[in-house]
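Asks: The lines below spell out each chain.
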Amino acid sequence: MPKREGMEVSIAASEAIRLANVDAIAAYPITPQTHIVEHLSEFVANGELDAEFIPVESEHSAMSVCMGTSAAGARTFTCTSSQGLALMSEIVFIAPPMQLPIVMILANRSLSGPLSIWNDHTDVMMVRDCGWIQAFGENGQEIFDLTLAAFRIAEDRRVLLPFMVNMDGFILSHVIEPIEMMDQETVDKFLPVYKPKYRMDPDNPVTMGAFAMPDLYTETKKAQDEKLKASLPVIEEVWKEFGDLTGRYYHPIETYKAEGAKTLFVTMGSFGETASTAVDMLREKGEDVGLCQIRLWRPFPYEAFWKAVEGVDTLIIVDRATSYGGPGGPVASEIRSALYTLDPKPRVVDFIAGLAGRDVAPVNYEDMYTRAKARIASGDIAGYEIYGVKE
Amino acid sequence: MENMNVYAVKLLPKGEFIAPGHRACQGCAEVLAVRLVGKALGRNTVVASATGCMEIISSPLPTTSWRVPWIHVAFENAAAVASGMEAGLKVLMRKGRIPKKKINVLAMGGDGGTADIGLQALSGALERGHNFLYVCYDNEAYMNTGIQRSSSTPFGAATTTSPAGKVKPGQVTWKKNMPEIAVAHNIPYVATACPSYPFDLMKKVKKAADADGPAYVHIFSVCPTGWRLPGDLSVRAGRLAVESCIFPLYEVENGKYKLTYEVPKIRPVEDYLKIQGRFRHLTPDLIEKIQKRVTDNYNKLLAKIRFSEEMS
Ligand SMILES: Cc1ncc(C[n+]2csc(CCOP(=O)(O)OP(=O)(O)O)c2C)c(N)n1
Ligand code: SF4
Ligand SMILES: [Mg+2]
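Quick mapping for you: the protein sequence lines, in order, are chains A and B.
Just so we're aligned, residue 114 is where the first sequence starts under our numbering, counting upward by one.
Just so we're aligned, residue 91 is where the second sequence starts under our numbering, counting upward by one.
Hints may be right or wrong, so weigh each one.
[Said to hold, decoys possible] Partner residues aside, some chain B positions facing chain A, computed with beta carbon under 10 Å: (1) Thr141; (2) Trp156; (3) Ala168; (4) Ser173; (5) Gly174; (6) Lys180; (7) Asn221; (8) Glu270; (9) Asp300; (10) Asp302.
[To be verified] A few chain B residues that face chain A, going by a derived Cβ cut-off under 8 Å, partial list only: (11) Ile147; (12) Leu151; (13) Pro152; (14) Arg157; (15) Trp160; (16) Ala170; (17) Ala172; (18) Gly186; (19) Ile188; (20) Lys382; (21) Thr385.
[What the hints assert, rightly or not] Stretch-level coverage of chain A by chain B, calculated; a stretch enters the list once three of its residues show a Cβ under 8 Å from a Cβ in chain B: (22) 136-144; (23) 176-186; (24) 202-213; (25) 389-402; (26) 455-464.
Calculated from the structure, these hints are not laboratory results.
The C-beta atom is built at its ideal place from N, Cα and C for all residues, glycine as well.
With the hints as constraints, model all of the structure from the sequences given.
Replies: Put into structure tokens, the structure is as follows:
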């Protein structure tokens with residue numbers, strides 16, 4: 114059994130990239146993602162990783178260079194946050210229809226303005242519909258594991274889609290955690306050298322990125338949608354294989370003390386750790402509470418989610434982004450819609466919390482639990498509440 | 091320029107990397123330039139294209155005009171995509187995953203995709219020193235979206251966003267000197283070219299591809315549709331631009347300027363302007379103003395060439 118080492122999560126993420134033997138990295142520094150690019154350039158400078166590190170002049174070019182390296186047939190990685198994702202977003206949407214299995218770590222951060230470098234999920238929600246596979250890690254180990262598995266999934270011939278690993282900025286990126294590393298031999302067996310299906314090869318010319326007229330555009334989008342949905346069983350298969358190899362199993366939906374619970378918190382990313390502490394506290398007080406974590410955000414794992422909420426009366430969604438003037442936070446809106454066809458279905462109470470690094474402690478979950486009860490009692494559960502606003 | 095007119099047909103390489111049947115307008119000199127670039131580079135080439143006329147005329151799903159690997163991602167990033175391809179091919183050859191051979195990496199865009207929205211990505215790619223060739227097809231406006239002005243549109247030209255009106259004579263700014271911006275990156279090779287001078291163009295493209303590092307070729311590409319001139323005059327219009335010194339043909343090799351075509355008898359700019367509808371509204375004093383600017387610019391270029399000669 115490999116031993117655990119204490120290290121910053123950004124270093125662990127960089128180690129995963131090194132072990133994955135990526136061929137090309139193009140990225141532009143932005144807090145809180147910087148430690149990853151710094152470590153990766155160090156690996157390349159020291160010859161510990163044989164890759165091209167392309168120090169681009171912007172995130173727009175980072176993603177564009179990644180399109181080029183990936184089209185050339187190289188295993189490609191990038192990482193960014195917030196404004197960087199906003200700047201590259203135009204190109205982020207173009208990678209999936211071109212079937213380029215780029216892997217990105219998104220160190221989640223709020224969007225300006227006001228400018229803030231701290232964590233929430235506004236950045237990822239901005240590109241919710243970009244067509245990438247999108248997963249969330251709860252702690253450093255998960256970021257390490259999900260990143261390694263991401264390449265295997267993205268490059269699988271049945272998938273060929275880009276993969277975004279979401280890592281909460283600072284809360285994960287800048288903390289030191291015990292991480293269990295993998296050795297190169299094990300990784301190489303799990304993740305063989307990338308063999309692209311199509312690449313820019315003068316001996317076999319292909320055209321990538323043709324344009325579509327109205328008579329074909331819908332068909333290309335339908336094909337893209339089917340492809341993303343069809344990645345779900347492959348994701349599960351690869352995560353299972355990874356679990357058999359390491360003993361660490363991952364699922365699209367994770368639950369904690371959810372068995373028979375009448376109320377479930379629903380969270381994504383690092384919220385899960387605090388939420389589970391809160392669940393323990395509430396359980397001790399005799400409350401019938403559990404936790405449901407959405408690990409896989411796209412493709413949305415409906416079946417697993419429906420199974421997890423069976424027999425539950427209330428879902429307390431803790432959103433980490435706002436949909437200004439909308440029907441709810443982005444997660445709650447999706448959940449409400451995912452539940453619509455269920456009968457009976459749990460009611461949904463939505464809180465938007467933890468914006469731009471505002472701490473959400475276990476007591477806050479207890480508080481949300483109480484407030485949810487009050488809102489249910491008063492019949493006022495539509496919409497959302499931005500939680501913890503100072504008067 | 092060598093005098094090869096007599097042997098012209100025989101000397102052109104047979105290979106075509108853009109197939110006939112594309113959707114360019116009649117007399118489009120931009121697609122003529124693309125064709126010549128292809129002939130010069132040959133089949134061991136990969137292409138990143140910017141959004142614009144040349145992309146739209148060549149790649150409607152499910153068809154393609156491209157006989158070489160070709161990728162289009164967006165409007166402003168052809169240089170970045172090409173630099174990625176260059177880096178990708180390099181690392182895969184180094185790691186022995188693909189055979190080691192010379193593959194030309196070509197990025198191409200219009201004047202809008204180069205001098206305006208794509209300038210940052212181009213500057214980044216040139217500065218990073220990728221071994222690639224960037225070709226700007228300059229038709230002096232955003233043609234694909236309907237003839238809007240760019241920073242490469244010449245003074246006095248009427249476009250749909252710089253119309254000639256009662257108080258404004260069309261474009262009121264002077265054309266951005268894009269080749270000079272490329273030179274400022276200290277890259278090994280920069281050149282101007284025009285498909286009206288096909289051998290000069292192909293020779294420069296070959297030189298650019300063989301340069302050790304980034305190269306930039308700026309190709310004057312007459313657009314009969316946007317310039318309001320009959321399609322059968324586009325090759326002639328290119329010659330007039332060169333002969334009036336509006337668009338001198340020169341190259342800058344490792345910082346050294348050289349005229350590649352010496353105009354035997356310089357023509358007045360009016361000869362060039364008067365055949366195009368986009369300049370129809372120009373008054374004699376405006377033509378005079380343009381003439382003065384063109385002469386000044388040409389003299390500045392000659393001074394750089396003289397300086398280069400003195401230094402060597
Ligand atoms: C980000 C972005 N902005 C605007 C456009 C619209 N657009 C597409 S092509 C084009 C103009 C192209 O002009 P140029 O680069 O000169 O090429 P040409 O068509 O003239 O050959 C514009 C404005 C776009 N596709 N993407
Ligand atoms: S609009 Fe101009 S550049 Fe575009 S295809 Fe037609 S002639 Fe060529
Ligand atoms: Mg143009």
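Asks: Tell me if the interface restraint on Arg157 (chain B) is satisfied: Cβ within less than 8 Å of some Cβ in chain A.
Replies: holds, 6 Å
Asks: Do three or more residues from the stretch 202-213 of chain A put their C-beta atoms closer than 8 Å to C-beta atoms of chain B?
Replies: holds (count 4)
Asks: Holds or violated: the stretch 176-186 of chain A covered by chain B, criterion of 3 or more residues with Cβ-Cβ distance under 8 Å?
Replies: holds (count 10)
Asks: Just to make sure I understand the rule, a stretch counts as covered if three or more of its residues have a C-beta closer than 8 Å to a C-beta of the chain. Does the stretch 389-402 of chain A meet that for chain B?
Replies: n = 0 at 8 Å, threshold three: violated.
Asks: For the restraint on Pro152 (chain B), tell me whether the closest CB of chain A is nearer than 8 Å.
Replies: holds, 7 Å
Asks: Using 8 Å as the Cβ threshold, decide whether Thr385 (chain B) counts as touching chain A.
Replies: For Thr385 (chain B), the interface hint is violated, since the closest Cβ of chain A sits about 37 Å away, which is over 8 Å.
Asks: Have a go at the Ser173 (chain B) hint: is there a Cβ in chain A nearer than 10 Å to its own Cβ?
Replies: Because about 6 Å separates Ser173 (chain B) from the closest Cβ in chain A, which is inside the 10 Å limit, the hint holds.
Asks: So, Gly186 (chain B) near chain A? Judge it on the closest CB pair being under 8 Å.
Replies: Result: violated, 11 Å to nearest chain A Cβ.
Asks: Under 10 Å is the threshold here; is the Cβ of Gly174 (chain B) close enough to any Cβ of chain A for the hint to stand?
Replies: With Cβ-Cβ at 2 Å, under 10 Å, it holds.
Asks: Hint check: is the beta carbon of Asp302 (chain B) less than 10 Å from a beta carbon of chain A?
Replies: At about 18 Å, which exceeds the 10 Å cut-off, the nearest Cβ of chain A leaves the hint on Asp302 (chain B) violated.
Asks: Holds or violated: is there a CB of chain A closer than 10 Å to the CB of Lys180 (chain B)?
Replies: Holds, because the Cβ-Cβ distance from Lys180 (chain B) to chain A comes to roughly 6 Å (cut-off 10 Å).
Asks: Take the shortest C-beta to C-beta distance between Ile188 (chain B) and chain A; is it under 8 Å?
Replies: Hint on Ile188 (chain B): holds, closest Cβ of chain A at ~7 Å, below 8 Å.
Violated hints for the displayed structure, listed by number in ascending order: 7, 8, 9, 10, 11, 18, 20, 21, 25, 26.
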